[in-house]
Every structure is written in structure tokens, then in C-alpha cells.
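S.K.: Each chain is listed here by its residues.
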Amino acid sequence: MRLLTHNMLASNARGAVTGYPLKLQVVKWSTKEVEPNPEFLRGMLPKIDWPALVAATQALGLPELLPEAPPTDAELSAEGAAADEGSALRRLHRALLEIHIEEGALVCPDTDRCFPISRGVPNMLLHEDEVRN
Amino acid sequence: MPRPEVQAPPEIFYNESEARKYTTSSRIIEIQSRITERALELLALPNDGVPKLLLDIGCGSGLSGETLTEQGHHWIGYDISKSMLDVALEREAEGDLLLADMGQGLGLRPGVIDGAISISAVQWLCNADKSCHNPRLRLKAFFGSLYRCLARGARAVLQFYADNVKQSEMIVTAAMRAGFAGGVVVDWPHSSKAKKSYLVLTCGPPSLNSSLPKGKGQDGAMCSDDDESDDGSGDEDGAQTVGIYERNRPKKRQKTKKNGKGKAWLLNKKEQLRRRGREVPADTKYTGRKRKSYF
Ligand SMILES: C[S@@+](CC[C@H](N)C(=O)[O-])C[C@H]1O[C@@H](n2cnc3c(N)ncnc32)[C@H](O)[C@@H]1O
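Just so you know, the protein sequences line up as chains R and W, in that order.
Residues 1 to 133 (full-length UniProt numbering) are what the first sequence spells out, left to right.
Residues 1 to 295 (full-length UniProt numbering) are what the second sequence spells out, left to right.
Note that these hints are calculated values from the structure, not bench results.
Take these hints with a grain of salt, some might be off.
[As the list claims (entries may be wrong)] Reference listing, derived: stretches of chain R covered by chain W, where coverage requires no fewer than 3 residues with Cβ under 8 Å from a Cβ of chain W:
{"id": "1", "segment": "9–18"}
{"id": "2", "segment": "26–40"}
{"id": "3", "segment": "65–76"}
{"id": "4", "segment": "79–91"}
{"id": "5", "segment": "117–128"}
[What the hints assert, rightly or not] For each label pair, taking beta carbons as the anchor points, the in silico distance ranges come out as:
{"id": "6", "chain 1": "R", "residue 1": "Val107", "chain 2": "W", "residue 2": "Cys132", "range": "41 to 51 Å"}
{"id": "7", "chain 1": "R", "residue 1": "Arg119", "chain 2": "W", "residue 2": "Arg274", "range": "37 to 47 Å"}
{"id": "8", "chain 1": "W", "residue 1": "Asp219", "chain 2": "R", "residue 2": "Ala82", "range": "17 to 27 Å"}
{"id": "9", "chain 1": "R", "residue 1": "Glu85", "chain 2": "W", "residue 2": "Gln218", "range": "27 to 37 Å"}
Built from N, CA and C at the ideal position, the CB exists for glycine as well.
Generate coordinates for the entire structure from the input sequences, incorporating the hints supplied.
M.R.: Here it is, written out as C-alpha cells:
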């Protein structure tokens with residue numbers, strides 16, 4: 001699971017208020033380089049919950065990867081940003097799309113319900129008595 | 001054979017041997033990708049070349065997702081069957097996979113998803129597989145959460161097999177109650193084998209954008225291909241022949257398992273698509289890279 005997905009995902013379990021953001025517990029993670037796409041990132045940025053993304057990178061032990069405030073549209077559109085490893089664009093790209101959580105867990109902030117992640121796949125299945133209906 | 005939905009719950013029906021068919025049967029592979037291409041066409045994403053964030057609900061082995069990836073999109077896949085997701089991992093699906101039950105709701109933040117597809121999965125919600133299952137409540141939880149997570153104006157295209165008119169109505173009604181506009185597009189309605197129903201939904205108030213496209217073969221034309229129900233069930237001669245055919249087939253696709261599909265495979269696949277006239281991302285130093293691990 002990439003941090004892009006983590007940023008969108010909430011706990012559905014009974015008792016969760018927003019169920020968001022899920023606390024990230026990381027045992028193993030990996031990176032896979034993919035080509036940056038500035039337009040995708042620009043379109044995505046307004047939908048990203050920035051504090052949750054920053055918290056996720058901190059849980060990974062990468063406190064330097066992202067700044068406290070989200071990059072501006074101008075920063076993301078800056079010429080040469082895609083080629084410059086240190087640019088705001090490339091950092092955002094790396095955080096959202098190149099980091100994969102392989103083993104660990106997601107923990108509901110409201111109920112502490114733990115959703116294990118195994119082989120990169122979070123198990124979000126609820127027991128019947130946890131389903132909200 | 002009765003439809004798979006009446007044989008066992010999905011997490012039981014889609015066991016290892018059923019999941020295996022999704023890598024070994026060229027017929028299943030062909031049908032999955034053909035339905036997905038049609039679903040994408042009906043999804044009518046803006047033709048701006050910008051990748052989108054999509055959902056694949058009942059993503060299974062990742063065959064449908066592979067089509068999304070080929071078109072450059074990012075996707076999040078939901079499936080209730082671990083065996084199916086294991087196959088998706090094996091084939092190195094590019095999307096993020098979640099082991100989850102759509103009948104429990106999708107659990108996504110509001111308005112963040114650009115579109116959703118689902119291939120032959122939603123009809124599973126019409127069954128009460130456990131005593132505590134109420135199909136109406138499960139459909140409501142699913143469509144309600146789908147509606148909320150989609151961006152305004154975004155679409156969802158859900159191909160499904162209904163057992164009867166009542167089931168089909170139950171699904172459509174649940175979608176409309178959740179706030180969606182849209183309806184069912186039927187391709188090849190006159191062919192028992194090729195007939196496919198797509199629930200095409202638009203999020204938000206009805207607009208030009210939510211008028212329903214026409215199904216294929218509505219005028220009585222027949223589908224030229226010998227297409228069948230993709231789960232090898234129901235319609236005519238599906239199930240049994242698949243089973244036998246499977247066992248005797250050399251397992252071509254499994255070769256790719258151990259070291260991943262590799263760069264050569266990927267480059268070759270991209271070349272194939274290019275020859276078919278598809279737009280494919282250019283080959284770069286990133287193409288087919290492996291993941292590095294950290295502990
Ligand atoms: C016909 S298969 C689709 C396969 C998939 N499109 C692929 O490319 O492999 C239907 C899938 O829906 C899944 N499914 C059925 N009920 C489900 C549910 N309640 N929640 C999530 N997935 C479900 C099944 O596990 C199965 O993998």
C-alpha cells in the first residue's frame with residue numbers, strides 16, 4: 001500500500017467517529033521508482049490531507065522528506081522540477097507513489113482497532129459485530 | 001451449474017483453485033480485459049492524458065486493474081477473497097490492494113476518487129451468506145460509501161450478472177437511493193452468452209454528463225465473438241468445460257511468477273499495445289524497476 005491510499009483510507013468500524021487518519025505502524029517498507037507526473041500530482045494535491053501525509057512519513061522514519069506546509073502550485077509547476085531529485089514535486093511524488101508499506105498495521109484513531117498489513121495488503125475486514133448499519 | 005453466487009460465499013467460492021483460473025485460462029483473461037475496456041469506455045474519463053485515481057471493486061486477481069494500469073491510471077482494489085488477492089500479488093498488480101468487504105462500506109474520505117469500476121462482483125451483495133447479512137443494508141452501505149468517496153461529477157461503472165429482474169432492480173434501486181443518477185446499459189441483449197449489463201452511475205445531480213450511453217447490439221446485431229459469462233458459470237456450457245480445459249493446459253503464465261514479470265516482459269507488452277495503436281507511456285529508466293526493501 002502506498003501513502004496515497006493511506007491518505008484516503010479511514011476506519012469503518014462501529015465506534016469510529018471519523019476513523020481518520022489511520023495511525024501507521026511500519027515493520028517493513030519498500031520503494032519502487034516510477035516516473036513522476038506533474039499533472040497528476042497537481043490535480044491530487046488539493047485532495048491530500050497534508051498533516052496525515054506528513055505524519056505518515058514521520059512514522060516511516062523520514063521526517064525530512066516533506067515540509068510542514070504543502071507545496072504551492074507554482075512549486076509543482078516549476079520548470080525542471082521533475083528532473084530535480086530535491087524538488088518539492090519529487091518529494092511529493094516519492095511520498096505518495098514510490099513508498100510501499102509492506103508489513104505493519106493501521107490503527108483506528110478513535111477505537112484503536114488494528115488492521116494488519118501483510119504482503120502490502122491491509123486487512124480491512126470487520127467482524128460482524130463491528131459493522132455499522 | 002447454478003450461478004457461483006448461489007454455491008458459496010465469495011471468500012469461499014474464490015478459493016485457490018478458482019483464483020488460479022485467473023492466471024491460466026486465456027478465456028477468462030480475455031473476457032476480463034474486454035469487459036474492463038468497455039467499462040472504462042463507459043466511465044468516460046476526461047480525455048486530458050492526466051492519470052486518475054480509480055477504484056476497482058472486486059479487483060480479484062488484478063486482471064481488470066491491469067487494464068487500468070495500461071491506460072496510465074492509479075487504482076485502489078477491494079476484494080474479499082485472499083486467494084484472489086494472492087494472485088494479484090503474484091502478477092505484481094500496480095494498484096494498491098485491500099482485503100475488504102464492499103458490503104461493509106468502502107471506508108474512504110469524501111470526494112477523493114475520480115471514478116470506479118467493478119467487474120462481475122456487485123451481484124454478490126444480493127445474497128445473505130451469513131445469518132446477520134441483510135442484502136439491502138449491505139447494498140446501502142456499499143452504494144452510500146461509493147457515492148461519498150467519488151468527486152462531484154465522477155462516474156462509476158459496475159458490470160454485474162443478475163440472477164433475475166428482482167435482483168437487478170434491487171441493485172439499481174439501492175444505487176438511486178444513495179443519490180446516484182444513471183441506469184443500466186445492456187450490451188448484446190439478444191445473445192445469452194455475450195449479454196452484459198453495466199450499471200452506469202454519475203455522482204451528483206443529473207446533468208448532460210449523466211445521460212446514458214447506448215448499449216452495443218441494441219438493434220438486434222449479434223456479437224461476433226464467442227463471448228461467455230466470465231466466471232464460467234450459468235449460461236450454457238461454461239463451468240465444466242473450463243475445469244477440464246484448465247487441468248490439461250500447460251501453465252504458461254506461471255513462469256512469470258518467481259522473479260516477477262521483469263523489464264523485458266514489460267517492454268514487450270508495451271510494444272504490443274503500441275502496435276495495437278494504444279497510447280503507452282514512453283520507456284524510461286523507471287520502466288520495470290524492482291522494489292527495494294527497508295526494515
Ligand atoms: C468475477 S471476479 C472479478 C475478478 C477481477 N475483476 C479480476 O480481474 O480478477 C469477482 C470478484 O468479486 C469479489 N467479491 C465478491 N463479493 C465481494 C465483496 N462483498 N467485497 C469485495 N469483493 C467481493 C470476489 O472475491 C471476486 O474476486
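S.K.: All hints, please: hold or fail.
M.R.: The hints, checked one at a time:
no., hint, result
1, 9–18, "holds (count 4)"
2, 26–40, "holds (count 12)"
3, 65–76, "violated (count 0)"
4, 79–91, "violated (count 0)"
5, 117–128, "holds (count 9)"
6, R/Val107 <-> W/Cys132: 41 to 51 Å, "25 Å, violated"
7, R/Arg119 <-> W/Arg274: 37 to 47 Å, "32 Å, violated"
8, W/Asp219 <-> R/Ala82: 17 to 27 Å, "48 Å, violated"
9, R/Glu85 <-> W/Gln218: 27 to 37 Å, "54 Å, violated"
Of the numbered hints listed earlier, those contradicted by the structure are 3, 4, 6, 7, 8, 9.
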